[in-house]
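Single-letter residue listing:
Protein chains: 2
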Amino acid sequence: MPVAVNFRLYLITDRRLARGGNLLSAVEHALAGGVHAVQLREKDLGSRDLLELALKIRALTSAYGAKLLINDRIDIALAADADGVHMGRNSIPTRDARRLMGPDRLIGCSTHTAKQLAEAEAGGADFAVFGPVYFTPSKAAFGPPLGVDTLRAACASTRIPVFALGGVGAENINEVIAAGANGVSMISAILAAKDPRQAASDINLSIKNAFLRHTQGQEEWS
Amino acid sequence: MPVAVNFRLYLITDRRLARGGNLLSAVEHALAGGVHAVQLREKDLGSRDLLELALKIRALTSAYGAKLLINDRIDIALAADADGVHMGRNSIPTRDARRLMGPDRLIGCSTHTAKQLAEAEAGGADFAVFGPVYFTPSKAAFGPPLGVDTLRAACASTRIPVFALGGVGAENINEVIAAGANGVSMISAILAAKDPRQAASDINLSIKNAFLRHTQGQEEWS
Chain A
1 MPVAVNFRLY
11 LITDRRLARG
21 GNLLSAVEHA
31 LAGGVHAVQL
41 REKDLGSRDL
51 LELALKIRAL
61 TSAYGAKLLI
71 NDRIDIALAA
81 DADGVHMGRN
91 SIPTRDARRL
101 MGPDRLIGCS
111 THTAKQLAEA
121 EAGGADFAVF
131 GPVYFTPSKA
141 AFGPPLGVDT
151 LRAACASTRI
161 PVFALGGVGA
171 ENINEVIAAG
181 ANGVSMISAI
191 LAAKDPRQAA
201 SDINLSIKNA
211 FLRHTQGQEE
221 WS
Chain B
223 MPVAVNFRLY
233 LITDRRLARG
243 GNLLSAVEHA
253 LAGGVHAVQL
263 REKDLGSRDL
273 LELALKIRAL
283 TSAYGAKLLI
293 NDRIDIALAA
303 DADGVHMGRN
313 SIPTRDARRL
323 MGPDRLIGCS
333 THTAKQLAEA
343 EAGGADFAVF
353 GPVYFTPSKA
363 AFGPPLGVDT
373 LRAACASTRI
383 PVFALGGVGA
393 ENINEVIAAG
403 ANGVSMISAI
413 LAAKDPRQAA
423 SDINLSIKNA
433 FLRHTQGQEE
443 WS
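Quick note, the sequences are listed as chains A and B, same order.
When the letters of the first sequence are read in order and numbered with my numbering, they come out as residues 1 to 222.
When the letters of the second sequence are read in order and numbered with my numbering, they come out as residues 223 to 444.
It is possible that some hints are incorrect.
[What the hints assert, rightly or not] In silico lysine-lysine, DSS-like type, Cα no more than 27 Å apart, as pairs:
hint, chain 1, residue 1, chain 2, residue 2
1, B, 278, A, 43
2, A, 43, B, 337
3, A, 56, B, 265
4, A, 139, B, 265
5, A, 43, B, 361
6, B, 278, B, 337
7, B, 361, B, 337
8, A, 115, A, 139
9, B, 416, B, 278
[Said to hold, decoys possible] Negatives, chain A to chain B, calculated, CB over 10 Å:
hint, residue
10, 58
11, 93
12, 100
13, 126
14, 157
15, 213
Hints were generated in silico from the structure; no laboratory data involved.
In this text, all values refer to a predicted model and were calculated from it rather than measured experimentally.
Note that the Cβ used here is the ideal one computed from N, Cα and C, for glycine as well.
Using the sequences and the hints given, assemble the complete structure.
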């Protein structure tokens, strides 16, 4: 049975941002705070180290009933029995990823334009991350953020769920959900927080309230 | 049907060593000169670029009836329909590789000790590369070469075919074949040669003569 995109808060890892460099601890606290999907994205690790880390995060995510996706590496995703893979702009074409992953596992795609979003959908992606929506230091080198109007147009242009990325926090979650985002994707707002559990819990509550407001309570909260 | 290890000259790529940076041309000439197996090993390439290159080398190797293996990346090997994967010391465990690759594709392993060779065999590897046997500038930082006696002991300790690597050339092929190697593995001796086709042809002849001498013509030449 296909894995469902039944999450609203999609945590992306960067172990250098975790306090004390302890990614496992930060991820576990984030899971305890209500993160339901984690993308392991540690591009500088060799295959063996990456698989070892993936297996540890697999154990944690399974214990919390959360999804695990691996950035770029379909081989590591399959070896670690992850729920899916997340394809970046330098990953192999989505169609090839779908062929290797089979029909049931998740494929997420990073996108920056409506065209890339359409390609992701056509290639068989289950969902997309779209951004940067707001200013974020880590993406400043790539030019100005896309803005919420571009996000709104992107969400309207596709049938797959879209997660807003880049400078998203409690102060603008309502806006991105109103713009049509299915959820939000974050790195440092949770990983680098003093208390990742509290941060995840707060953001989850913000997302929940945004959906309740936006749908007048008609949509089932997942 | 399982892919056979029916080659004696195993070329490993490094596009920076190819003359004029033209890896495709160097590989094609090497294939024309009698290379029957190529390992694509370009560790600094992103997934998309690596797959694109792999598909081009796949077309070349298929045209010449040669095997293609991809270093480390099982996902790229499967996406490019390569004959196999080659596992380095930082690759995932051989057992996991076998599970993902299925029973029929080739798995080669890089080894430096008899213990690693035994682990490769136990993990389901079809063959191993062993070295460095002789001095080679690219491996000088890892300490002195292992020497031909260590190669002989290693070959005697395993049932899988062993390819000698590191400083192997026309002048010592006879010695490594006499020590029990199934063949030889090379990078610069072919890729960086003024004429990769001639270099491959010369080395192939040296291997053939070494086997004829060593087996007194009893072994079928493949």
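Status of each hint after checking the structure:
{"no.": "1", "hint": "B:278 <-> A:43", "result": "holds (25 Å)"}
{"no.": "2", "hint": "A:43 <-> B:337", "result": "violated (30 Å)"}
{"no.": "3", "hint": "A:56 <-> B:265", "result": "holds (25 Å)"}
{"no.": "4", "hint": "A:139 <-> B:265", "result": "holds (25 Å)"}
{"no.": "5", "hint": "A:43 <-> B:361", "result": "holds (25 Å)"}
{"no.": "6", "hint": "B:278 <-> B:337", "result": "violated (36 Å)"}
{"no.": "7", "hint": "B:361 <-> B:337", "result": "holds (20 Å)"}
{"no.": "8", "hint": "A:115 <-> A:139", "result": "holds (20 Å)"}
{"no.": "9", "hint": "B:416 <-> B:278", "result": "holds (22 Å)"}
{"no.": "10", "hint": "58", "result": "holds (13 Å)"}
{"no.": "11", "hint": "93", "result": "violated (8 Å)"}
{"no.": "12", "hint": "100", "result": "violated (6 Å)"}
{"no.": "13", "hint": "126", "result": "holds (18 Å)"}
{"no.": "14", "hint": "157", "result": "holds (24 Å)"}
{"no.": "15", "hint": "213", "result": "holds (40 Å)"}
Hints 2, 6, 11 and 12 from the list above are not met by this structure, while the remaining hints are.
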